[in-house]
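Asker: For reference, the chains in residue letters:
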Amino acid sequence: MRTEIRFSGFGGQGIILSGILAGKAAALFDNKHATMTQSFGPEARGSACSAQLVVSDEPVLYPYLSQPEILVSMSQDACEKFLPELAKAGTLLVDEDLVKLSSVKRTIKKFAIPATRFAEELGNRILGNLVMLGFFSAVTEIVSPESFKKAIPGSVPERFLELNLKAFEKGYDYGAETKIKTPNKQKTKIKTDTVLTEPI
Amino acid sequence: MKADPRGVKTGAHYLDGDHACAEGALAAGCRFFAGYPITPSTEVAERIASRFPLVGGVFIQMEDELASIAAVLGGSWGGKKSMTVTSGPGFSLMMENIGLGVMTETPCVVVNVQRGGPSTGLPTLPGQQDMMQARWGSHGDYEIIAIVPNSPQECFDLTIQAFNLSEKYRVPVLVMMDECVGHMTEKVVIPPAEEIEVFNRKLYDGPKDQYLPYEVDNTNGRVPLMAHAGDGYRFHVTGLTHDEKGYPVMNAEVQQECVSRLIDKINKNTDDIIQYEEEQITNADVVVVTYGISSRVSMRAIRLAREQGLNVGLFRLITAWPFPEKRIKQIAKKVKAFVMVELNLGQMVYELERCIAGKAKVKLAPHAGGWVHNPTDILKIIKEAAK
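Read top to bottom, the protein sequences are chains H and X.
Mapping the first sequence onto numbering that gives the first Met the number 0, position 197 (from 1) lands on 196, and the numbers just tick up by one.
Mapping the second sequence onto numbering that gives the first Met the number 0, position 1 (from 1) lands on 0, and the numbers just tick up by one.
If we strip away everything but chain H, and leave its shape as in the complex, we get:
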C-alpha cells in the first residue's frame, strides 16, 4: 500500500524536518519504503513551503505526489495552496490557531491541534512541528510513535532532545484523545481503497 503525505507550512517552522523525521522513522524503524522530496526554489524561503513523503510497503518508483491522502498544514497560506489537491477521502491535519478552515469538503477527515500554542507552553514555539508530528502519528497511524522516538535522536540538537521528545508526546497524547472523542464513527485509519488510483 502506498500513502502520499504532504507536510506544509511556512519556511522556518521545521516543515522539511517533519518530512525527514517521518520518512526516517518509516524507512529505518518501521521497515517500510519512504521517499521524501521537498520543494526547492524561492517559495521555500518565507512563504508556503512543503515536504512531500511517499510511504509504501513496496519500493517507491514514482517519487513525487500525484494525489496526497494526507495534508498536514501549519499555515493558512500553505493550507489554501495545497488543499485543492488533497484526495476526496483524504485526511487534513492543521494547527488550529494558524489555519482557519472555511470550505473543506465533507468527505475530508479533519483534525485540529493548537500545536504551536502547546509548543509555546513547553517553552519554545520552534517545537510546534514535533507536537504536530506526534499528533500525525496518533491520528493517521502511518508511522508508529516508537519509530518516531528512535528517529528523533540525531536529527535534532542533542541538548534539545528531551524537549523535542516531550513535544512529540504532547502531540501524540492529544491526537489519541482526539481520536477517541471524534464522533460519528469516523474511520481514521486510511482506507486502502482510497489510494493506488494514481501513478506509483
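No wet-lab data here; the hints were simulated from the structure.
Beta carbons are placed, not taken as given, at the ideal position from N, Cα and C, and that holds for glycine.
Possibly wrong hints are sitting among the right ones.
Here are some, though not all, of the chain X residues that point toward chain H, as calculated from beta-carbon distances under 10 Å [unchecked claim]:
| id | residue |
| --- | --- |
| 1 | R5 |
| 2 | T9 |
| 3 | A11 |
| 4 | H12 |
| 5 | Y13 |
| 6 | D15 |
| 7 | V54 |
| 8 | Y141 |
| 9 | E142 |
| 10 | V180 |
| 11 | T184 |
| 12 | I292 |
| 13 | R295 |
| 14 | W370 |
| 15 | V371 |
| 16 | N373 |
Computed list of lysine-lysine pairs in DSS-like fashion (alpha-carbon distance at most 30 Å, straight line) [unchecked claim]:
| id | chain 1 | residue 1 | chain 2 | residue 2 |
| --- | --- | --- | --- | --- |
| 17 | H | K87 | X | K8 |
| 18 | H | K149 | X | K8 |
| 19 | H | K180 | H | K149 |
| 20 | X | K386 | X | K360 |
| 21 | H | K148 | X | K8 |
| 22 | H | K108 | H | K165 |
| 23 | X | K325 | X | K79 |
Once you have looked at the hints, place chain X on chain H.
Answerer: Then chain X, alone, in the frame of chain H:
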C-alpha cells in the same frame, strides 16, 4: 583493498542523493575536493566540507569551475583521490580540462547533478540533458566512463565504483546524477569498511632513473603506472601528444599510438566496466531502455503495461558510457521494438538507434525536463511500439 574506516559512516541512514554521493566519495578514499557551488549539487560539496576535517581531507572552494577541475587534476597527481561536483553550466566550463584529464590519464571523479538546460535553464528542477555532453563534450577522440544512479543508495554505491574505475583505468569518471535523485531522501545503508572494496591506482616503484610515465606495462592492461609529485621521480605531464617519456612528440605515428591506447584501455575492457540491470527481457516484445530517475518512472509504466497483457522488458543503463553495445545488439535480434525513456528531447536514443541498426523499431519517450514523465505517457508509447 578495503576502505579506510575513517571515511566510512557505517549504518542505516536517511539521506538525500547528494549527501549519499558525498559519503560514497569519503568511503572510496577521496581526500581532495575542489569545487564551486551550483544548485542542485551544492549539498555534495557542503557535506564533503563538513566531513573532510574529520578524515584529513582538503576542501577548496575555487573561484570557478575551470579552476575547480584544474585543481582536481593537480590533487590527483599530488597523490590524493580527487573529486569535483557541479551541474550543467559548470559542467560546460569543465569540459576543456576533463579532456586534459583524459590525455594525461589522471584518475578523478566529476559528479554532474543534472538540471534542466540549456544555459542556466532550470536550476532547481531535474533534467538528463548532459548525457551526450558527457560523451563528446571535450574536443578530440577519446573514451570516457559515465555512470548513472537512480536512488540515493546508488549515489553512494556508484560513487565508490566511479573512484574505483577511475583509479583502475586512469580516466576521469563522470557520475551523471539528476536533480530528482540528488534531492530525494531515502534509506541508505553504508556497510562496514571491511566490506567495501576499494581500488587504488598502481604506482611505479622501480629505479628512479628508469621511470617512463607513459610506458605501457602489459601486466596492468593498457594503463601505465603512475608516480606522484614529490615521490622523487622525474616526469613531465602534458596535454600535448606525448610518447612514453611524457614529452611532446608531434607526429602522426605517436598520435596514432597515444590516442588509440586512450580509447583501447576503455573499449577493450567493457566487460569489466559496463553494468546494467535487466528485467524480463526474455520473451519481451518491447524493451524499455532508460536510466537515472526516468528508470523508476518507467518501471511503473512497465507494470501498467504488463497488467494490460503486454510483454515488456526493462533494460536500465547503470553505465551510460561506454554504451552496452554488445548486449543491446543481442537483444535487438529478439524483440520487436525498443522504447527509450529519458528526460531530454532525444540523446541516448541516438546511440541506441546506432547499435540496433534497423534490426528493431526504436521509439523515444521525450521530456524537456523540469519534472519526470507521467507513467501513463510512457505507457502510451509502449503500446504504440508494441503494435
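Asker: With reference to the structure, classify each hint as holding or not holding.
Answerer: Hints, one by one, checked against the model:
1. Below 10 Å, beta-carbon pairs count as interface contacts, and R5 of chain X has none with chain H, the closest being about 20 Å; its hint is therefore violated.
2. The interface hint given for T9 of chain X is broken, as the beta carbon of that residue sits about 14 Å from the closest beta carbon of chain H, more than 10 Å.
3. Taken as an interface hint, A11 of chain X checks out: its beta carbon lies about 5 Å from the nearest beta carbon of chain H, inside 10 Å.
4. Interface restraint check for H12 of chain X: the shortest CB-CB distance to chain H comes to about 8 Å, inside 10 Å, so the restraint holds.
5. About 4 Å separates the beta-carbon of Y13 of chain X from the nearest beta-carbon of chain H, less than 10 Å, and the hint is met.
6. For D15 of chain X, the interface hint holds, since its Cβ comes within 10 Å of a Cβ in chain H; the closest pair sits about 8 Å apart.
7. Contact between V54 of chain X and chain H, as hinted, is not supported at the beta carbon level, the nearest pair being about 20 Å apart and thus beyond 10 Å.
8. Interface hint at Y141 of chain X: violated, since its Cβ lies 34 Å from the closest Cβ of chain H, which is beyond the 10 Å cut-off.
9. A least Cβ separation of about 33 Å between E142 of chain X and chain H goes past the 10 Å threshold, and the interface hint is therefore violated.
10. With its C-beta approaching chain H no nearer than about 9 Å, V180 of chain X sits inside the 10 Å limit, and its interface hint holds.
11. Hint status for T184 of chain X: holds, given a least beta-carbon distance of 4 Å to chain H, under 10 Å.
12. The beta carbon of I292 of chain X is positioned within 10 Å of a beta carbon in chain H (closest approach about 7 Å), and the interface hint is therefore held.
13. With a least beta-carbon distance of about 5 Å to chain H, the hint placing R295 of chain X at the interface is held under the 10 Å criterion.
14. Interface hint status for W370 of chain X: upheld, as the beta-carbon distance to the closest one in chain H is roughly 8 Å, under 10 Å.
15. At about 7 Å, the closest approach between the beta carbon of V371 of chain X and any beta carbon in chain H falls short of 10 Å, and the interface hint on this residue holds.
16. Proximity of N373 of chain X to chain H holds as hinted, the smallest CB-CB distance being about 7 Å (cut-off 10 Å).
17. Of the supplied pair hints, the one linking K87 of chain H and K8 of chain X is violated, its CA atoms being roughly 43 Å apart against a limit of 30 Å.
18. Simply put, K149 of chain H and K8 of chain X have alpha-carbon atoms about 18 Å apart, close enough for the 30 Å limit, and the pair holds.
19. Of the pairs offered as hints, the one joining K180 of chain H and K149 of chain H holds, with about 28 Å between alpha carbons and a cut-off of 30 Å not exceeded.
20. Taking the CA atoms of K386 of chain X and K360 of chain X, the gap is about 11 Å. The hint holds against a cut of 30 Å.
21. At most 30 Å may separate the alpha-carbon atoms for a hinted pair to count; K148 of chain H and K8 of chain X meet this at roughly 22 Å.
22. Of the pairs offered as hints, the one joining K108 of chain H and K165 of chain H holds, with about 26 Å between alpha carbons and a cut-off of 30 Å not exceeded.
23. Only pairs whose Cα atoms come within 30 Å are accepted, and K325 of chain X paired with K79 of chain X is rejected, the gap being roughly 35 Å.
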